[in-house]
Amino acid sequence: MSDLKFVPGQAVNVRHAMRVGAFRVAEYRLRNMAKWWDAIIAFGIGNPVLYLVSVGIGIGALVDHSTGGHGIGGVSYLQFVAPALLASAAMQGMSDEVTFPVLEGFTWSKYFFAIGGTVISPKQIVNGIYLAAFVRGIWTVLTYGLILLAFQAIPMVSFFPLILSSLLAGCGWTAVMMAVSAHIKDDDGFFAIIGRFVIAPMFLFSGTFYPLSQMPIYLQWIGWISPLWHSTDVGRVLTIGQPTQPWLMVVHFAYFVAMFIGGFAFTYPVFARRLAE
Amino acid sequence: MIVAKGLSKVYGEFRAVDGIDFEVHRGESFGILGPNGAGKSTTMKMIAAVSKRTDGELTILGKDPNLKGPEIRAHLGVVPQKDLLDRELKAWENLYIYGRYFGLSKKFLKPKVEEMLAFAQLEEKRNSKVEEMSGGMQRRLAIARGLINEPEILLLDEPTTGLDPQARHVLWDRLFRLKENGVTTVITTHYMDEAEQLCDRLVVMDKGKIMAEGTPAGLIKDYSSKEVLEVRFGTDRNEATAPQLATIAERIEVLPDRILVYVEDGDAALEKIHALGLRPVTSLVRRSSLEDVFLRLTGRSLVD
Amino acid sequence: MITSIATSMAVRIAEKRAGKFGSGVYSGRAGQLVERNFLAFKSSNWLVVISGFVEPVFYLLAFGLGIGKLIGGVTDGSGHTVSYAQYIVPALLATSAMNGAIYDSTWNVFFKMHFGKIYQAMLATSLGSLDVALGEIGWALLRGLTYSIGFMLVVAPMGLIPSWWGLLAIPGATLIAFGFASVGMGMTSFMKNFHQMDWINFFMLPMFLFSGTFYPISVFPEWIQWIIRALPLNQAVELIRGLTLGNLNLAMAGHALYFVVMIAAGLFFTTKRLTALFMS
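Order-wise, the sequence lines are chains A, B and C.
At position 35 of the first sequence (counting the first as 1) the number is 35 in our numbering, and the numbers step up by one without a gap.
At position 205 of the second sequence (counting the first as 1) the number is 205 in our numbering, and the numbers step up by one without a gap.
At position 180 of the third sequence (counting the first as 1) the number is 180 in our numbering, and the numbers step up by one without a gap.
Think of the hints as simulated: they come from the structure by calculation, not from any bench.
If you're wondering where the values come from, they're calculated on a predicted model, not measured in any experiment.
A portion of the hints provided could be inaccurate.
[Claimed, not checked] With a straight-line cut-off of 25 Å between C-alpha atoms, the simulated SDA-like cross-links for lysine to any residue are:
| no. | chain 1 | residue 1 | chain 2 | residue 2 |
| --- | --- | --- | --- | --- |
| 1 | A | Lys185 | B | Leu84 |
| 2 | B | Lys107 | A | Asn32 |
| 3 | A | Lys35 | B | Glu131 |
| 4 | C | Lys69 | C | Met158 |
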């Protein structure tokens with residue numbers, strides 16, 4: 001048996017608490033992620049190694065052989081695919097840290113409602129969740145980038161610009177996925193549908209495994225709206241010197257920024273509304 | 001601490017809370033009693049400064065929750081109806097992380113978490129995940145969590161719903177200690193025994209309105225008699241017997257399975273019934289409770 | 001009335017089986033479980049159902065059309081050159097049979113065991129643990145069969161199934177799904193949390209990438225080839241590929257036997273485990 005002795009209302013410094021709210025939500029998410037550290041590390045390293053070995057040695061051998069050793073545009077198939085794999089990993093890794101947590105918070109355990117009862121505002125919950133996903137994104141692009149270097153799939157000089165542009169694509173896509181998840185009332189096959197109707201086609205039809213121009217014109221539009229293609233295109237300019245136009249580069253980055261802003265603009269009001277229900 | 005005037009919450013056409021007035025004073029334990037759907041939880045969410053009112057006035061700790069939500073919530077402790085614990089985290093982590101949301105430092109929280117685990121009698125479950133704990137333990141953890149920021153007001157929404165009798169008594173004991181320590185509490189409940197145990201003062205709500213207000217004893221005195229005689233004549237004969245019983249009592253209520261006879265002296269009333277030549281199948285004399293108050297006010301039972 | 005008929009039937013079935021071998025775990029009523037799943041399925045989201053079918057089609061479009069142009073032809077096991085699309089179609093069929101079976105027998109079963117607590121309720125009736133295992137797996141197979149037929153209806157008119165033996169790919173895919181579902185359900189019964197479930201995906205991905213799905217395993221050194229040959233997906237791909245390309249050989253009997261063993265072992269462990277979990 002123990003009794004509590006405290007003077008009610010003395011412990012909390014309100015101004016400080018309101019200032020650090022988003023960071024405290026991120027802290028919670030990171031602590032939660034840390035419970036899965038072995039899976040996160042295994043996937044972070046295992047996934048790129050497996051893809052690179054499989055694509056580089058396997059499909060790469062077939063492609064390089066049938067193109068007479070020239071690969072695509074004069075580079076090996078592995079070098080051609082590398083920027084796409086990196087961007088795809090950044091997008092997937094980051095967005096996983098918003099989709100599941102948002103469904104968990106609103107629908108499964110409803111834990112967001114507990115956070116919403118504290119000093120923290122709905123906006124700060126959004127920012128905190130996103131911040132933690134961003135940390136995961138940095139880890140993903142760094143490990144993936146280093147492994148690409150080890151496989152000699154990208155040149156050293158392009159390392160930083162490439163991981164940065166992939167991170168930007170991941171940021172834009174993650175904001176959009178956060179908005180989508182915030183709108184989901186119950187998960188009735190949500191992840192299966194998103195995975196198979198959005199993520200799989202995006203992965204397959206974004207000029208990932210061969211130039212977009214080789215696809216029939218009626219499928220090329222998937223690439224144009226796909227953040228993965230935009231990111232891959234930037235990446236190929238950086239790594240294999242693919243020719244480009246200045247305006248196209250502007251479009252690519254504008255697209256990431258637009259997804260980022262749009263994603264947040266559609267997330268904030270939903271969080272505010274659902275938390276007040 | 002809390003002042004509400006004409007407080008209303010409307011969802012579309014539905015008036016969940018319909019112009020209620022009440023005040024909660026410092027150090028008091030204030031109850032909102034009513035059946036499911038009476039508007040208790042909606043009122044609670046407005047007091048918790050998460051749901052905005054549609055109409056009327058509400059000040060909590062002297063501030064308007066529509067404008068100063070975070071500042072008010074900084075000094076509230078909330079124990080939601082569905083505990084809303086993080087199931088991936090251990091017991092102590094749930095407390096710790098929640099404290100972090102209030103901007104509290106690690107240095108402050110380290111001893112605080114242990115103190116709260118002791119208060120909730122969960123020291124042995126310190127490193128257990130939430131799903132490994134019983135319902136009563138989870139509820140105690142939720143209460144400990146609500147106290148981690150040393151709040152001025154603790155809000156408890158249906159604190160013992162879904163718990164077995166023994167777990168309820170453990171919880172009541174903990175809440176009673178809090179009251180002794182001067183924490184202001186607001187409790188919603190649909191159990192009248194709980195309201196009688198825990199509340200200094202309470203309001204009875206039904207259909208979004210406040211039907212009555214007072215201390216548990218005062219309400220019983222105002223709206224019921226001292227004792228109640230419950231008699232059963234069998235389902236088909238209750239109705240027919242009622243007019244005769246009405247002659248010997250201040251008031252009677254005919255329920256489907258029994259008749260409640262409101263009198264000052266139950267045993268004397270039972271003798272009068274026998275004298276009338278009536279033979280009830282069973283009979284029971286008890287003291288009036290808040291259940292009777294509610295029945296009087298609304299014509300319905302609290303728990304159906 | 002209806003209840004009394006149902007009860008007397010249940011008693012009759014139970015009595016009939018009482019003396020027979022295995023009556024403790026099997027009551028001959030696995031169909032009940034399939035029926036329950038069908039009822040649940042009717043109210044589920046149709047987009048999810050369709051999505052299981054489009055996935056292999058997407059892969060075929062992307063790899064068959066796209067990379068196919070880069071690669072041209074591939075030499076199959078018996079020295080003929082086939083188009084790249086013809087080469088990967090059987091692999092996609094085998095992979096989607098595997099994916100569907102694994103999904104149904106791992107994630108679905110995991111949810112039912114830990115959240116729905118459906119099995120406890122079922123095993124409290126006259127159903128035995130083998131009924132539950134067979135019922136779940138039977139359901140997974142029905143779905144898998146539907147997907148296989150759908151996929152064949154898309155690819156056959158495109159000329160991607162050059163041999164009539166290819167018709168046998170449908171029962172072949174079902175056999176493969178049976179194997180994966182039995183083993184998958186057995187493994188799931190040992191899983192305690194989502195965390196462990198995640199590792200299933202961890203082993204599925206390399207299997208998908210390396211099992212001769214998108215390129216011949218001959219690109220690897222000899223010792224790696226032997227490891228790959230031991231993996232169930234490579235067994236599956238070789239079996240289906242032999243059928244759709246019409247290259248029948250004795251090794252295919254070995255592949256089929258591989259899955260029969262998987263089925264037997266999977267069912268044995270699943271039944272044992274469910275009995276230990278819920279009926280002891």
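Open item on the list: Does leucine 84(B) sit within 25 Å of lysine 185(A), going by the straight-line distance between their CA atoms?
Closed with: holds (17 Å)
Open item on the list: For lysine 69(C) and methionine 158(C), compute the direct alpha-carbon distance and say whether it is at most 25 Å.
Closed with: holds (16 Å)
Task: Hint consistency between lysine 35(A) and glutamate 131(B) [alpha-carbon to alpha-carbon, up to 25 Å] - done: holds (16 Å)
Open item on the list: Against the 25 Å threshold, does the CA-CA distance of lysine 107(B) and asparagine 32(A) hold or violate the hint?
Closed with: holds (21 Å)
Hint compliance for this structure: no hint is broken.
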